[in-house]
Amino acid sequence: MSQKKEKNLDITIKSTSRDLLAFMKLSANRKKRFEKASNEPIKSDPMNELATSLHPIRQYLVIESIKDETKTTKTFKLTPNKELGTDELAYFRPGQYLSLKVNVNGVEITRPYSIASSPSDVLKGFYELTIRKEENGFLTTYIWDQWKVGTKIESSGPEGFFYFDRLRDSKQIVGIAGGSGITPFRSIAKAIIEGEIDAKMTLLYGSSEEEDIIYYDEFKALEKQFPEKLKIVYILSCEVVSLEGCEQGFITADIIRKYCDVKNSSFFLCGPQIMYNFVEKELMEFNLPARRIRREAFGEVRDVLDLPGFPQEIAEKSFKMIVHMGEQTKEIPALATESLIIAMERAKLAPPSKCRSGECGFCRSLLISGNVYINPISDWRRAADKKFGYIHPCSSYPLSDLEIKVPRKLRN
Amino acid sequence: MNKSISKANNRSYDVVVIGAGNGGLVAAARVAMKGAKIILLEQHNLPGGFASSSVRGRFEFETSLHELYDYSTPKNKGGIRILFEDRLNIDAEFVPVPEAYRLIVTNPDEEIDAVLPFGIEEFIEAVEKEVPGSKESIRKFFQLGKEIDQATTYIGKMRGNPDQDVLLREHTNFLRTAAYPVDDVQNALNIPKKARAILNAYWLYLGVPTSRVNTTVFAAMVYGYILKGAYIPKMRSHEYTSAIEAKIREYNGVVEYNTKVEKILVKEGQVIGIQTNKGEIINTKHVICNASQTLTYNNLIHPKSEVPEIAFKEINARTHGITTIVVYMGLDTTAENLGLKDYSYFICDTMDTDQLYDSLINLETPKVQASLCLNNAIPGCSPPGTCIISITSAFRPSAWDKVKPQEYFNLKTRIAEGLIENFEKATGVQIRDHIEEIEVATPQTFSRFTGTYNGVIYGYELESWDSVVPRLQNMNEEKHIKGLEFCGGFGKRGHGYSSSLKDGETAALFTIQSLIKEGIIE
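Those protein sequences? They're chains A and B, same order as listed.
Under our numbering, the first residue of the first sequence carries the number 1, and numbering increases by one thereafter.
Under our numbering, the first residue of the second sequence carries the number 1001, and numbering increases by one thereafter.
This is chain A alone, in the form it adopts within the complex:
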């Protein structure tokens, strides 16, 4: 820009004097506008209401009924506990989970459980969770002993990313479920049948024994009624198989090829770690793009010693961990083979957590000093969190004495 031209700039909008006057009167005119305005406070905030309805911090529920599914699984029907302030249940996307908050004999813990009912059931006023009793399971032993009709339950809002998205996924879903990993597929199947999800699903459902199959009769009936939408194949790893429509063995590439349109399907996997290891290897044969395989990530790692790069020599060790949480500071023990979240729960600190698999970041904490092992397949941290020393305690294990700062509970 030449100097000459700059000096020449001479803008007139209305007239020189009116333009200057308009500037001079800016403040006075503004003041007039303020004075003329209403003095009524604003009372509504519709987006806040929608956000609170979809993502409540806490939902207070009560057990309305309990159904025995198998010898080791029960389905709990949960309705809003209006006395404690939950009038309506939060709507969700089929495949999402609830993080239950349970006080087990003074130890407050959380566990994610997939919602097994349909989103439309929310409008009827209930969720269903199907829970399998684990051998010596800390929480499930308690649940089997204590949960009765009328028991009060505390839960998060619906969470998680294990859901069908029509912008991303094929309209042909292949669900691969292992054991109690079938539960989110019940919700997805119902949503498909109700027309909420425009897709069809083939379920490959692996169990050890016939008597471990959950929802057998229910799924059989649905399959019969909606054969164009739902197909279920049971794969049993036991030696003798007598049930109709079952395969013997594991969910191999051959089984997948036999029942699925592999190239045109989106695969959704939910089950134990051991199933993922097996099925993902089998799927490699098909050379599918990553977008075609989705994996539910919830649950604790059972055996940290099997994880890549975990230093075996410290397996027996216990470390000291100083935990800062809001106004309290506490020194607690932390076992090398247990996640930091479990160490804190044992010490009755009740830190915030939801997914318990490194994914959601709800437990994101500052590592002030010390070293941790982070399960590389469960490291969903933000890049800058790695840079600035933030960790997700639910997927971190102590390698030395530690000092960490944990976020406070959202609510007391």
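Just so you know, the hints here were simulated from the structure itself, not pulled from any lab data.
From the three backbone atoms N, C-alpha and C, an ideal C-beta is built for every residue, glycine too.
There could be a bad hint or two in this list.
Looking from chain A toward chain B, a few residues come up when the C-beta cut is under 10 Å (computed) [unchecked claim]:
1) R30
2) S38
3) K43
4) A51
5) S53
6) L54
7) T86
8) D87
9) E88
10) Y163
11) E285
12) F286
13) P289
14) R292
15) Y390
Let chain A serve as the given structure and place chain B on it in line with the hints.
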């Protein structure tokens, strides 16, 4: 024990900062660096507010930043680079954005597809190529931008009390245009219609049509972007917000997440403390509030009788700005394979900004979008063989008021689908078959994570009557409660990352002045 982990049960602080958004973070850091005892309280479990990131699968998405304004080169530092490098000395890396924008107007009567470069001469030449004969008029508009920049620098230097004679003598074009919207000025400059369309693509960053948006704000923004270029943080905004948070702790400031302030306690016109959602009360005489005036006066001040009538009137006289929908996508192919060369795409049906703005009240796919291909600014931002595309569009906040929870997921998917289709049509690039991860943020999402009133992310509309000029002129008069300073996008500098960051600094300076007067710090 690390000193920075002092505890929240210290029930008395020199300063309480409410909200760890752009403004709150800078304010907290600046006050902490002065040696005052501060606590920063944030309801979410992350710093940043809108300045954040989210991880899905193997991708990390930038939440809301498109282009950081006023950063500029190391040799010729912009205000934000000076703030980050020289004042806060934070550990965060920024990279330049390659081009200003590609504008695609799809309506056959207006049809434009042009890539606009940074650099004023380069930009003017690029417009001239599209619209022969527009050169001189566009040049004048940039010259006005420069004069506005000089005038506001002068007013800043005079701490808001400029010498009227100097203004009249040396900043006449600034004065003559300060009370007018962009259309009036561009008419006076005889800028051809098509050239205006190209020049005004940034209107969406202010969210007010050119018939109403104030010239001072708009011309300064366009001039600043084109002159200095734009930058983005290498690891997403979560990097610099985490870096500022680390700085606050380094100076013994306390940062508590998951802590929502429910009340600002006021007695006889003076702040005396705050109360959190955990029931705890913290005594303080100074609150720096990153929440909007709308939320603060309507919900936070306690007792309500301490809110003067004029505070409600100031809010009600204004129009809350727009809110956004963002479609974040991780694709399993590269930008190069797709044939996407540019970083920033403004795609719209028309450049009639009134028509576009009016349509944003409808609950349907908006006819305007600002889309980014992050890899074209940060090549390694996603794993090899992939890229990140985000599509942002806008709504008037009330558009979403009646959405029911059970309609919400299908609604946002439908709108996102339309935005993806419009992107594909305009660019001729197919992305739908490559989506590996997708997430859609809506006004509800922004409300959920930041608590912002009705999901609004743009602050009050910057019309001429309430532009930054009268806001800054009257900022002292419009403080209604002693000890309460505001900072952020609803404030005196308007919205946007840079404005909010600088506003945080201004709020800190006012508070520091008071603390010095009170003998609390030196």
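Inset, instruction - Report holds or violated for the interface hint on A/A51, using the least CB-CB distance to chain B and a cut-off of 10 Å. - result: holds, 4 Å
Inset, instruction - Could you check if A/K43 really has its C-beta closer than 10 Å to a C-beta on chain B? - result: holds, 8 Å
Inset, instruction - Hold the hint about A/P289 up to the distance rule: shortest CB distance to chain B must be less than 10 Å. - result: holds, 5 Å
Legend entry - Interface restraint verdict for A/T86 against chain B (beta-carbon cut-off 10 Å): violated, 14 Å
Inset, instruction - Would you check whether A/R292 satisfies its interface hint, that is, whether its CB is within less than 10 Å of any CB in chain B? - result: Holds, about 9 Å.
Legend entry - Restraint satisfaction for A/Y163 [CB to CB of chain B, less than 10 Å]: The hint holds - A/Y163 has a Cβ within 10 Å of chain B, the shortest such distance being about 9 Å.
Inset, instruction - Tell me if A/E88 is really an interface residue toward chain B, meaning its C-beta lies closer than 10 Å to one of theirs. - result: holds, 8 Å
Legend entry - Status of the A/D87 interface restraint (C-beta, 10 Å, chain B): Violated - the Cβ of A/D87 stays beyond 10 Å from chain B, reaching only about 13 Å at its closest.
Legend entry - Restraint check, 10 Å cut-off on beta carbons, for A/S53 near chain B: holds, 5 Å
Legend entry - Given hint A/S38 near chain B, where the shortest CB pair must fall under 10 Å: holds, 5 Å
Legend entry - A/F286 as an interface hint toward chain B, with CB separation required under 10 Å: The hint is violated - A/F286 has no Cβ within 10 Å of chain B, the shortest such distance being about 15 Å.
Inset, instruction - Have a go at the A/E285 hint: is there a Cβ in chain B nearer than 10 Å to its own Cβ? - result: Violated, because the Cβ-Cβ distance from A/E285 to chain B comes to roughly 19 Å (cut-off 10 Å).
Of the hints listed earlier, those the structure fails to meet are numbers 7, 8, 11, 12, in rising order.
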